[in-house]
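A.B. asks: Sequence order for the protein chains is A and B. With the first sequence counted from 1, adding 68 to any position gets you the working numbering. With the second sequence counted from 1, adding 78 to any position gets you the working numbering.
One or more hints might be untrue.
Part of the chain B face toward chain A, derived, beta carbon under 8 Å [as the list claims (entries may be wrong)]:
(1) K140
(2) E174
(3) K175
(4) I177
(5) A179
(6) K227
(7) D230
(8) H442
(9) F448
(10) Q452
(11) P455
Capping the alpha-carbon separation at 25 Å, the derived lysine to aspartate or glutamate pairs in DMTMM-like fashion look like this [said to hold, decoys possible]:
(12) B:K140 with A:D209
(13) B:K367 with B:D230
(14) B:K402 with A:D209
Now the stretches of chain A that chain B is said to cover, found in silico as 3 or more residues with beta-carbon under 8 Å [said to hold, decoys possible]:
(15) 149 to 163
(16) 171 to 177
Simulated from the structure, these hints should not be mistaken for lab results. Small disclaimer: the values here were computed from a predicted structure and weren't measured. Heads up, the beta-carbon is just placed ideally off N, CA and C, and yes, glycines get one too.
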Amino acid sequence: MSQDLLNKLTESINLNVGGAIEKAELPYDFATITIHKEHIHEVLEFLKNDKNWNFHFLTDLTGFQTADEKQLGVVYHLHNMITNIRVRIKTHFDINKPEIPTATDIWPGANWMERETFDFYGVKFKGHPNLKRILNVDEMDIFPLRKEYPLEDQQREDKDDKMFGR
Amino acid sequence: MAKKEPIKNTDDFVEEKEYSILNLGPTHPATHGIFQNVLKMDGEIIHEATPTVGYIHRAFEKLAERRPYNQITTLTDRLNYCSSPINNMGWHMTVEKLIGAKLPKRVEYMRVIVMELSRIADHLICNSVIGVDTGAMTGFLYIFQWREKIYDIYESICGARLTTNMGRIGGFEREWPQKTWDLIDAFLKNYPKALQEFANLLERNKIFMDRTINCGPISAEMALNYSFTGPNLRAAGVDYDVRVATPYSSYEDFNFTVPIGTSGDTYDRFMVRQEEMYQSMDIIKQAIKNMPKEGGFHADVPDFYLPPKEEVYNNMEALIYHFKIVMGETDVPKGEIYHCVEGGNGELGFYLQSDGGRTPFRLHFRRPCFIYYQAYPEMIKGSMLSDAIITMSSMNVIAGELDA
Numbered sequence: 069m070s071q072d073l074l075n076k077l078t079e080s081i082n083l084n085v086g087g088a089i090e091k092a093e094l095p096y097d098f099a100t101i102t103i104h105k106e107h108i109h110e111v112l113e114f115l116k117n118d119k120n121w122n123f124h125f126l127t128d129l130t131g132f133q134t135a136d137e138k139q140l141g142v143v144y145h146l147h148n149m150i151t152n153i154r155v156r157i158k159t160h161f162d163i164n165k166p167e168i169p170t171a172t173d174i175w176p177g178a179n180w181m182e183r184e185t186f187d188f189y190g191v192k193f194k195g196h197p198n199l200k201r202i203l204n205v206d207e208m209d210i211f212p213l214r215k216e217y218p219l220e221d222q223q224r225e226d227k228d229d230k231m232f233g234r
Numbered sequence: 079m080a081k082k083e084p085i086k087n088t089d090d091f092v093e094e095k096e097y098s099i100l101n102l103g104p105t106h107p108a109t110h111g112i113f114q115n116v117l118k119m120d121g122e123i124i125h126e127a128t129p130t131v132g133y134i135h136r137a138f139e140k141l142a143e144r145r146p147y148n149q150i151t152t153l154t155d156r157l158n159y160c161s162s163p164i165n166n167m168g169w170h171m172t173v174e175k176l177i178g179a180k181l182p183k184r185v186e187y188m189r190v191i192v193m194e195l196s197r198i199a200d201h202l203i204c205n206s207v208i209g210v211d212t213g214a215m216t217g218f219l220y221i222f223q224w225r226e227k228i229y230d231i232y233e234s235i236c237g238a239r240l241t242t243n244m245g246r247i248g249g250f251e252r253e254w255p256q257k258t259w260d261l262i263d264a265f266l267k268n269y270p271k272a273l274q275e276f277a278n279l280l281e282r283n284k285i286f287m288d289r290t291i292n293c294g295p296i297s298a299e300m301a302l303n304y305s306f307t308g309p310n311l312r313a314a315g316v317d318y319d320v321r322v323a324t325p326y327s328s329y330e331d332f333n334f335t336v337p338i339g340t341s342g343d344t345y346d347r348f349m350v351r352q353e354e355m356y357q358s359m360d361i362i363k364q365a366i367k368n369m370p371k372e373g374g375f376h377a378d379v380p381d382f383y384l385p386p387k388e389e390v391y392n393n394m395e396a397l398i399y400h401f402k403i404v405m406g407e408t409d410v411p412k413g414e415i416y417h418c419v420e421g422g423n424g425e426l427g428f429y430l431q432s433d434g435g436r437t438p439f440r441l442h443f444r445r446p447c448f449i450y451y452q453a454y455p456e457m458i459k460g461s462m463l464s465d466a467i468i469t470m471s472s473m474n475v476i477a478g479e480l481d482a
């Protein structure tokens with residue numbers, strides 16, 4: 069996507085959902101727009117239903133944690149197959165209050181992707197029809213992809229490796 | 079529980095329906111993988127299905143956060159293990175995009191050959207398994223040896239057959255031996271005949287057609303809403319192919335047709351995959367014909383591509399590069415990348431956040447199976463149990479990719 073097109077897109081988002089955009093960048097030629105958390109649902113709805121932009125296809129939805137580890141985020145990859153334009157919508161929020169409206173009412177396919185994000189990061193999608201763990205066991209009480217849960221230290225020596233050659 | 083009187087005549091049957099619960103899976107011979115579906119059945123009609131996934135979840139996204147970039151290839155092998163080379167190449171291309179490597183045309187053409195071969199392997203397994211599930215075992219047994227022949231080609235390139243770990247960031251690990259080219263030539267020469275016989279067995283077979291037409295259909299609109307990609311979306315009538323929409327690895331140089339279906343049922347999915355195999359062979363032929371003679375088998379990226387062993391022993395610079403790559407100490411630029419390739423069953427995407435360190439800060443695999451399997455309960459609602467089985471095999475759900 070070119071810078072011109074990105075400017076047009078941010079302009080039309082600003083026109084329809086005022087004050088929603090936090091920043092818009094173009095890393096590796098991929099339009100990336102960061103949206104304030106309060107406006108995320110409105111913006112997604114606008115992008116899908118607007119006649120000009122019509123991002124009708126949700127390619128991917130996933131979570132991430134910001135570098136300072138104090139915030140969680142959700143990233144949406146949208147695609148308009150007719151004009152072949154892709155856009156990445158990001159939002160972020162406090163790790164202690166990870167709540168965001170669901171996108172399942174816009175794209176039914178967001179269902180399992182949101183469940184996966186909840187499973188890994190503990191993001192609560194408000195209004196999701198069936199928000200429970202999907203890949204991990206139901207009894208798990210942590211959100212494993214958060215940085216506060218590191219992988220096991222490979223140098224640890226307190227484990228008896230008589231039975232399991234480590 | 080109160081003891082029931084035996085039913086004397088049919089008038090004694092209660093009007094109120096009682097559904098039976100059937101647990102299909104997790105290890106069921108007909109599901110070809112570990113999927114559990116709890117079905118609420120009325121006789122043989124499925125009323126409701128609740129799928130449970132995650133039986134072989136291996137936390138790849140977490141593991142990837144500790145591994146250097148060149149060690150993640152082995153994780154991608156195990157996503158869709160029917161077409162591992164596509165996953166490998168997709169991952170290499172993602173990293174190359176991040177570091178800005180420019181590849182010789184020859185490497186890109188070699189990659190196209192490997193990716194199309196693995197697409198054939200993936201599709202032929204899927205299609206022959208539809209045959210098995212409808213009761214035609216012969217086609218499966220007959221066509222399966224051609225997958226072995228494709229695996230022989232992989233073996234001559236990289237030494238492995240199933241989980242290939244093929245190629246390196248920047249190209250291939252070595253020049254392909256003459257044997258590889260001979261095997262590819264032999265495959266291209268003999269496979270169309272075998273595929274034609276397989277097609278004769280099933281494509282216009284009355285029993286097969288009755289069994290698969292209108293079985294597990296999905297409309298184009300619903301398929302788009304459920305984020306379908308790949309042959310399943312094309313069978314529903316949407317001509318979206320990543321190779322055409324966002325060409326990678328020089329796919330824009332090739333001339334091929336994207337087959338599409340109309341009704342999105344099992345028969346259309348079968349036919350789309352059949353035609354794609356012919357198209358893939360055509361692409362391989364074009365790639366061999368137009369293959370540039372010059373260019374070598376790797377790009378000039380010393381930070382990521384291992385130097386030849388003789389140089390490591392005799393040359394200080396090469397030794398340093400070798401050490402840094404093996405220890406995974408090469409830093410990459412900061413950035414955010416989404417790269418997608420047309421995998422065996424859809425758009426396989428890699429979303430990578432790099433903070434400049436030796437490992438990815440966040441890596442997410444967009445796994446087509448995981449995304450379209452959620453539409454499965456909707457697709458089988460109201461159909462017979464046996465239709466549900468062939469719907470699943472025609473969707474080509476691969477457990478490794480589903481659970482990551």
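A.B. asks: Closer than 8 Å between Cβ atoms is the bar; does A179 of chain B clear it against chain A? Give me holds or violated.
C.D. replies: Since the shortest Cβ distance to chain A is 13 Å, the answer is violated.
A.B. asks: Given the proposed pairing of K140 of chain B with D209 of chain A, does the C-alpha separation stay at or below 25 Å?
C.D. replies: 17 Å, holds
A.B. asks: Hint check: is the beta carbon of F448 of chain B less than 8 Å from a beta carbon of chain A?
C.D. replies: 7 Å, holds
A.B. asks: Holds or violated: the hint that I177 of chain B contacts chain A, with Cβ atoms closer than 8 Å.
C.D. replies: With a closest approach of 11 Å, the I177 of chain B hint is violated.
A.B. asks: For K367 of chain B and D230 of chain B, compute the direct alpha-carbon distance and say whether it is at most 25 Å.
C.D. replies: Roughly 22 Å between the alpha carbons, so the hint for K367 of chain B and D230 of chain B holds.
A.B. asks: Does K140 of chain B pass the interface check with chain A, least Cβ-Cβ distance below 8 Å?
C.D. replies: Holds, because the Cβ-Cβ distance from K140 of chain B to chain A comes to roughly 6 Å (cut-off 8 Å).
A.B. asks: Checking hints one by one. Is K175 of chain B an interface residue toward chain A, by the C-beta closer than 8 Å rule?
C.D. replies: For K175 of chain B, the interface hint holds, since the closest Cβ of chain A sits about 7 Å away, which is under 8 Å.
A.B. asks: Double-check E174 of chain B for me: the hint is only fine if its C-beta lies closer than 8 Å to a C-beta in chain A.
C.D. replies: 12 Å, violated
A.B. asks: With 8 Å as the cut and Cβ atoms as the points, is H442 of chain B at the interface with chain A?
C.D. replies: Where the cut-off is 8 Å and the nearest Cβ of chain A is about 4 Å from H442 of chain B, the hint holds.
A.B. asks: Against chain A, run the beta carbon of P455 of chain B and see if the smallest gap drops under 8 Å.
C.D. replies: Because about 11 Å separates P455 of chain B from the closest Cβ in chain A, which is outside the 8 Å limit, the hint is violated.
A.B. asks: Grab the minimum C-beta distance from Q452 of chain B to chain A and call the hint holds if it beats 8 Å, violated otherwise.
C.D. replies: 4 Å, holds
A.B. asks: Are there three or more residues in the segment 171 to 177 of chain A whose C-beta lies closer than 8 Å to some C-beta of chain B?
C.D. replies: holds (count 3)
Of the numbered hints stated above, those contradicted by the structure are hints 2, 4, 5, 6, 7, 11, 14, listed in ascending order.
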